[in-house]
Amino acid sequence: MLNTTNGYCPDFATGFDSQTEGRFVHENDSARGTTMKLPSIAGWFRILRAHYQFPMFQAIRYALWLGR
Numbered sequence: 001m002l003n004t005t006n007g008y009c010p011d012f013a014t015g016f017d018s019q020t021e022g023r024f025v026h027e028n029d030s031a032r033g034t035t036m037k038l039p040s041i042a043g044w045f046r047i048l049r050a051h052y053q054f055p056m057f058q059a060i061r062y063a064l065w066l067g068r
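So that you can map any letter, position 49 of the sequence shown is 49 in the working numbering, and since no number is skipped, the others follow by simple counting.
Check before you lean on any hint, since a few could be wrong.
[Unchecked claim] The following label-pair restraints were derived from C-beta to C-beta distances:
no., residue 1, residue 2, range
1, Thr34, Arg68, 20 to 26 Å
2, Gln58, Lys37, 21 to 27 Å
3, Phe57, Gly33, 31 to 37 Å
4, Gly33, Pro55, 31 to 37 Å
5, Gln58, Thr35, 24 to 30 Å
6, Lys37, Leu64, 17 to 23 Å
7, Gln58, Thr34, 29 to 35 Å
8, Met36, Ile60, 20 to 26 Å
If you are wondering where the hints come from, they were derived from the structure by calculation, not from laboratory data.
Note that the structure is predicted; figures quoted are calculated from it, not measured.
Even for Gly, the Cβ is constructed at its ideal location relative to N, Cα and C.
Start from the sequences and build out the full structure, keeping to the hints where you can.
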């Protein structure tokens with residue numbers, strides 16, 4: 001498996017691997033699946049600051065990247 005972690009925070013996956021590729025799809029949906037709404041830029045910022053304890057500049061940078 002390829003290394004998909006961020007060099008700054010090893011617990012933060014930047015790519016999709018077998019553990020994360022199905023996380024936005026409901027388990028009980030049909031084969032086609034319905035996707036959940038992704039967080040906004042502000043939501044990503046709060047997630048990065050609270051759960052991954054990114055410094056403010058890094059959290060802003062990655063939140064803008066994730067929200068694109």
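Task: Met36 paired with Ile60, Cβ distance criterion 20 to 26 Å - done: Given about 24 Å between the Cβ atoms, the range holds.
Task: Cβ separation of Gln58 and Thr35, checked against the hinted range 24 to 30 Å - done: holds (27 Å)
TODO: Evaluate the given range 31 to 37 Å for the C-beta pair formed by Gly33 and Pro55.
DONE: Since the Cβ atoms of Gly33 and Pro55 sit about 36 Å apart, the hinted range of 31 to 37 Å holds.
TODO: Check the following: the C-beta atoms of Thr34 and Arg68 are separated by a distance inside 20 to 26 Å.
DONE: Hint holds: Cβ distance 22 Å, inside 20 to 26 Å.
Task: Distance restraint hint 17 to 23 Å, applied to the beta-carbon atoms of Lys37 and Leu64 - done: Holds - the Cβ-Cβ distance for Lys37 and Leu64, about 18 Å, lies within 17 to 23 Å.
Task: Consistency of beta-carbon spacing, Thr34 to Gln58, with hint 29 to 35 Å - done: For Gln58 and Thr34 the Cβ distance comes to about 32 Å; the hint holds.
Task: Lys37 and Gln58 - C-beta distance against the hinted 21 to 27 Å - done: The hinted range 21 to 27 Å holds for Gln58 and Lys37, with Cβ atoms some 24 Å apart.
Task: 31 to 37 Å as the expected CB spacing between Gly33 and Phe57, which holds or is violated - done: holds (36 Å)
The structure shown violates none of the earlier numbered hints.
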